[in-house]
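Asks: One letter stands for each residue in the lines below.
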Amino acid sequence: MVGHNGSQTNAQLRKDRKATGEITVGLIHNTDTTKKRFWGLFCLILRFGLGGIFVFASLDKILDPITFTDVVMNYKVLPNSVVPIFSVVLPWLEFITGMLLIIGYAVESASAVIALMLVAFIFGITVNLFRGVEMVCGCFGFFEGGQKIGWHTVLRDVAMLFCALILVIAYNPFASIEALFSKLRQGEVIGNEK
Amino acid sequence: MIGATSIVVSAIIVGLTANAFHPRGIPLRYSEFERMLKEREEMLWGERLPKGVEMIEFKRAWVLFMAHKAKFVDARSRSDYETGHIPGAINLPPAPDDFEASFKLAKEKLKREALIIVYCGGGS
Chain G
1 MVGHNGSQTN
11 AQLRKDRKAT
21 GEITVGLIHN
31 TDTTKKRFWG
41 LFCLILRFGL
51 GGIFVFASLD
61 KILDPITFTD
71 VVMNYKVLPN
81 SVVPIFSVVL
91 PWLEFITGML
101 LIIGYAVESA
111 SAVIALMLVA
121 FIFGITVNLF
131 RGVEMVCGCF
141 GFFEGGQKIG
151 WHTVLRDVAM
161 LFCALILVIA
171 YNPFASIEAL
181 FSKLRQGEVI
191 GNEK
Chain U
195 MIGATSIVVS
205 AIIVGLTANA
215 FHPRGIPLRY
225 SEFERMLKER
235 EEMLWGERLP
245 KGVEMIEFKR
255 AWVLFMAHKA
265 KFVDARSRSD
275 YETGHIPGAI
285 NLPPAPDDFE
295 ASFKLAKEKL
305 KREALIIVYC
315 GGGS
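Which chain is which? The protein sequence lines are G and U, in order.
All residue numbers for the first sequence refer to the working numbering, where the first residue is 1 and numbers rise by one.
All residue numbers for the second sequence refer to the working numbering, where the first residue is 195 and numbers rise by one.
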């Protein structure tokens, strides 16, 4: 949807340039684009960061489902009957959403799913912190070094949640497959106008 | 909404399929998974436990603790032990804490004990 709006704005600005003179509109056009570019770059960083973290986190859980299922059991938040299915599906959900963020396809949807996952993680960790349980997070599996959960873990997840929500609400496609698609569409539009 | 749902659905499909073909895949029914865990544990420990040593369940350790019938040994790190341990337990931490010195001390303290229960952090 953002891509569609982008192509509309550019086509509109091209018409304006012809009507009101290039220089004035050109200046407005530039600040607008610069803001867009900055925000696009910021979103790119968020995408790569958040996406990278989630792909990285999913790896060990995919390779060693037995250990991860044990970790999920330890949380004692989900009923045991659903734990195996959850432990099998979640790592792939992390992997897929992370990849989508990195390549830049369906970013808002993927970020929404990531936000939901983070809410679930924050809930699980907080519950166990209040129970006073000493346990490992299991967030990164083998690459975690057996660090125990603490309020810093919650803080870390909240920060990531914040980033995911930014991408859901105010995403700007830049260096992404969506931008590539919309550029291709724009190309067709220019062709038709001429 | 549709995007998010399709992402979740594809993750379910991929996950279940991957698990079916995974060499270390898990059974999806919890009772079977539990059984698998127990079998693994027995395989891991069954061959390695020397004579006179056996793994016991929590309940049995609890009963023995209440009856003062065993001496407890905390095999976790020193800092974990200091944070909190079973009352009366002595600490026998692994490296990098001083295992050698602790072992000498423990040997002395446990010389006359008939039943010793060693515990650690548990979990994964």
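Bear in mind the hints are in silico, worked out from the structure with no lab data behind them.
Predicted, not measured: the structure shown is a model, and the values here were computed from it.
A portion of the hints provided could be inaccurate.
[Stated by the list, open to error] Once the Cα atoms are required to be at most 30 Å apart in a straight line, the calculated DSS-like pairs of lysine-lysine come out as: (1) U:232 <-> U:253; (2) G:148 <-> U:245; (3) U:305 <-> G:148; (4) U:265 <-> G:148; (5) U:305 <-> G:76; (6) U:263 <-> U:245; (7) G:76 <-> U:245; (8) U:232 <-> U:303.
Asks: Hint by hint, which ones does the structure fall short of?
Replies: 2, 3, 5, 7 and 8
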